[in-house]
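Those letters in the sequence shown? Residues 2 to 69, per the working numbering, in order.
Keep in mind that the hints were calculated from the coordinates and are not lab data.
Accuracy of the hints is not assured; some may be wrong.
Claimed, not checked - Pairwise CB distance ranges (calculated): (1) Trp53 <-> Gly13: 18 to 28 angstroms; (2) Ser5 <-> Lys60: 16 to 26 angstroms; (3) Glu36 <-> Gly63: 19 to 29 angstroms; (4) Arg62 <-> Pro31: 37 to 47 angstroms; (5) Gly13 <-> Val55: 12 to 22 angstroms; (6) Val6 <-> Thr59: 26 to 36 angstroms.
Where a beta carbon is used, it is the ideal one built from N, C-alpha and C, also for glycine.
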Amino acid sequence: MKASVGTVAVIGALSLAVWTAVYVFNPSTPLTQAETVIVVGVCAVLVFGFKWVVSSITKMRGGNEPHS
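Kindly produce the complete structure, drawing on both the sequences and the hints.
What follows is the structure, given as structure tokens:
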């Protein structure tokens with residue numbers, strides 16, 4: 002599955018938001034490198050899953066029709 006620049010940007014922004022939230026709520030123990038990798042992976046799964054669901058819904062509704 003090829004990711005567009007926008008998809009990569011959304012994954013990065015979402016990961017940064019999660020990392021920042023963890024740091025704000027628990028500044029004494031920020032995420033380690035391994036935990037950050039897990040956060041980025043989970044964010045990627047969420048973004049690609051969302052794109053897949055939207056794509057599936059669009060195909061079921063006849064996504065090749067022009068919008069008015």
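A quick look at each hint next to the structure:
1. Trp53 <-> Gly13: 18 to 28 angstroms: This hint holds: roughly 19 angstroms between Cβ atoms.
2. Ser5 <-> Lys60: 16 to 26 angstroms: holds (18 angstroms)
3. Glu36 <-> Gly63: 19 to 29 angstroms: violated (43 angstroms)
4. Arg62 <-> Pro31: 37 to 47 angstroms: About 43 angstroms separates the Cβ atoms of arginine 62 and proline 31, which means 37 to 47 angstroms holds.
5. Gly13 <-> Val55: 12 to 22 angstroms: holds (20 angstroms)
6. Val6 <-> Thr59: 26 to 36 angstroms: violated (21 angstroms)
Checked against the numbered hints given earlier, this structure breaks hints 3 and 6; the rest are met.
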